[in-house]
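Kindly generate the complete structure, drawing on both the sequences and the hints.
There are 2 protein chains.
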Amino acid sequence: MILRHPEPDQIRIDGVLSALGNPVRLAAVAVLDAGGKHNCSSVLTVLGVTSKSTMTHHWRVLRESGVIWQWPSGRENLLSLRREDLDARYPGLLDAILAGTRRDQEAARDHEPQPAGR
Amino acid sequence: MILRHPEPDQIRIDGVLSALGNPVRLAAVAVLDAGGKHNCSSVLTVLGVTSKSTMTHHWRVLRESGVIWQWPSGRENLLSLRREDLDARYPGLLDAILAGTRRDQEAARDHEPQPAGR
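Read top to bottom, the protein sequences are chains V and E.
Note that this note's numbering numbers the first sequence so that position 52 is 52, with each residue one more than the last.
Note that this note's numbering numbers the second sequence so that position 102 is 102, with each residue one more than the last.
In case anyone wonders, no lab produced these hints; they're calculated from the structure.
Take these hints with a grain of salt, some might be off.
[Stated by the list, open to error] Incomplete in silico selection of chain V near chain E, CB under 8 Å: (1) P6; (2) S53; (3) T101.
[Stated by the list, open to error] Using 25 Å as the maximum straight-line C-alpha spacing, the simulated DMTMM-like pairs for lysine to aspartate or glutamate come out as follows: (4) V:K37 - V:E76; (5) V:K52 - E:D14; (6) E:K37 - E:D95; (7) V:K37 - V:D87; (8) E:K52 - V:D14; (9) V:K37 - V:E7.
Think of the CB as a built atom: it goes at the ideal place given N, C-alpha and C, for glycine as much as any other residue.
Here it is as structure tokens:
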């Protein structure tokens, strides 16, 4: 099965933003940003997501918007971030988004209730 | 009627990206980026949007994600971009998104069929 991916010049910013406007997909992209190929199961494990079918939907949204490459390999799918294509078309966008994601996570941690001393 | 807006520290990046992941809302934000207050009707005119109720939905999505201020004034609503709040929380994000929007528009113009000479 050949999976459908947009060419670099078919990528549109509203599609990219819509794909990334979801906490699970943002977290997945942050994992893929380490670079290289990742298999779906390993990303699921990092994210703590247990529903494979939910994640299949998320991968499709990311792939069809041009954010990731996804290709079959044996019984698995491999994934990688299309960082070069995104950086070429939208300079600074992915970095600003990933920095913003970390910023939100840090702010959330700062607001967690402190454990009662014992 | 007091319209609900998130405080700056309640803004979340997935909400902002989801709000901006739509061509009409992106175009509206590009108009508001000129700065100052705009009334809803004038933005509708610039965008060429005729459905007021569709736009009411778009304004709500932008407001509730923290992208715009919206407040009643007489029979109208006034709007402005929350650029300072967004720039403080997500440096470079809005600029990268607006530059990307212009980039897509330019690319679309370059690919328009040339009029047949006559």
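Taking the hints in turn, this is what the structure says about them:
Contact between P6 (chain V) and chain E, as hinted, is not supported at the beta carbon level, the nearest pair being about 13 Å apart and thus beyond 8 Å. Taken as an interface hint, S53 (chain V) does not check out: its beta carbon lies about 21 Å from the nearest beta carbon of chain E, beyond 8 Å. Taken as an interface hint, T101 (chain V) checks out: its beta carbon lies about 6 Å from the nearest beta carbon of chain E, inside 8 Å. For the proposed pair K37 (chain V) and E76 (chain V), the alpha carbon gap of about 12 Å is at most 25 Å, so the pair holds.
Our distance criterion of 25 Å between C-alpha atoms is met by K52 (chain V) and D14 (chain E), whose separation comes to about 22 Å. Annotation: proposed proximity of K37 (chain E) to D95 (chain E) holds, straight-line Cα distance about 19 Å (limit 25 Å). Taking the CA atoms of K37 (chain V) and D87 (chain V), the gap is near 18 Å; set against the 25 Å cutoff, the hint holds. For a cut-off of 25 Å, the pair hint linking K52 (chain E) to D14 (chain V) stands: about 22 Å separates their Cα positions.
For a cut-off of 25 Å, the pair hint linking K37 (chain V) to E7 (chain V) stands: about 19 Å separates their Cα positions.
Going down the numbered hints, you'll see the structure goes against 1 and 2, while the others check out.
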